[in-house]
Every structure is written in C-alpha cells, then in structure tokens.
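S.K.: Generate coordinates for the entire structure from the input sequences, incorporating the hints supplied.
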Amino acid sequence: MARPRQTALQSNRPLGSAEVTHPFHPLRGQRFVVLKVRRVAGVESLSLRHAELGSFAMPREWTDWGSPDTQAAASAEPLYFDGFALLALAELVVSVSRRHCKVDQ
Numbered sequence: 033m034a035r036p037r038q039t040a041l042q043s044n045r046p047l048g049s050a051e052v053t054h055p056f057h058p059l060r061g062q063r064f065v066v067l068k069v070r071r072v073a074g075v076e077s078l079s080l081r082h083a084e085l086g087s088f089a090m091p092r093e094w095t096d097w098g099s100p101d102t103q104a105a106a107s108a109e110p111l112y113f114d115g116f117a118l119l120a121l122a123e124l125v126v127s128v129s130r131r132h133c134k135v136d137q
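Here this note's numbering runs 32 ahead of the position in the sequence shown, where the first position is 1.
Just to be clear, a hint being listed does not mean it is correct.
[Stated by the list, open to error] Derived CB-CB ranges, DEER-like:
{"no.": "1", "residue 1": "85", "residue 2": "56", "range": "14 to 22 Å"}
{"no.": "2", "residue 1": "121", "residue 2": "58", "range": "40 to 48 Å"}
{"no.": "3", "residue 1": "49", "residue 2": "126", "range": "42 to 50 Å"}
{"no.": "4", "residue 1": "71", "residue 2": "100", "range": "31 to 39 Å"}
{"no.": "5", "residue 1": "129", "residue 2": "86", "range": "41 to 49 Å"}
{"no.": "6", "residue 1": "116", "residue 2": "73", "range": "54 to 62 Å"}
To be clear, the hints were calculated from the coordinates, so they are not data collected in a lab. Positions of the beta carbon are idealized from the N, C-alpha and C atoms, including for glycine.
M.R.: Set out below in structure tokens:
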C-alpha cells in the first residue's frame, strides 16, 4: 500500500492573508499573512505574521476569515457611545456629584 510522501503543511508556505475586522481592535483594517490555523480552548485561531511584532494569534471570527453571520452581527449594531462620549459622561457625573456634595454641607 502506498503512503503519501507528505501529510503536513509545508512550514514556509503561508495560507494567504487575513484582515482584522473586529470593530474595536487596534489593528482593525490591517492585513497579515496567515501562518497556520488551529483550535485553542475550542476557539479557532489564526496565527498571523506582523513585520515588527512577529507572529501572534487572533480568533478567526475577528478577521475576514470569520463567518459572514458573525461579521454582519458585529457591524449591524450602531454604537451608542464612543470613548469620548463615555469620558464626557464621566466628567459630567463627577461635576454633578461635586455640586450635590457642596449643597449638603
């Protein structure tokens, strides 16, 4: 019976590229070479290569390799607050709290 010569992926052959699509990830919109795909703790992850950071893992669903249903769900909901709005809200709460404390004293 003949056996296949090679059953594993060639180590130097990239699988293509993936773009980070997670709406809050700092690398969103950047594309990276995919080195391998693996499952860690039940989550399918891509091993990606960054020129300066080296290789790193990212959940498949956070990239354009994720299922279209997940990507549509992540982008369908509009943001009610961004970071600046939350900061302004925190400042308002502190300001109102200070005024309230002065009235009681």
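S.K.: If a hint holds in the structure, say so; if it doesn't, say that too.
M.R.: Hint by hint, here is what the structure shows:
| no. | hint | in the structure |
| --- | --- | --- |
| 1 | 85 / 56: 14 to 22 Å | 18 Å, holds |
| 2 | 121 / 58: 40 to 48 Å | 23 Å, violated |
| 3 | 49 / 126: 42 to 50 Å | 45 Å, holds |
| 4 | 71 / 100: 31 to 39 Å | 20 Å, violated |
| 5 | 129 / 86: 41 to 49 Å | 46 Å, holds |
| 6 | 116 / 73: 54 to 62 Å | 34 Å, violated |
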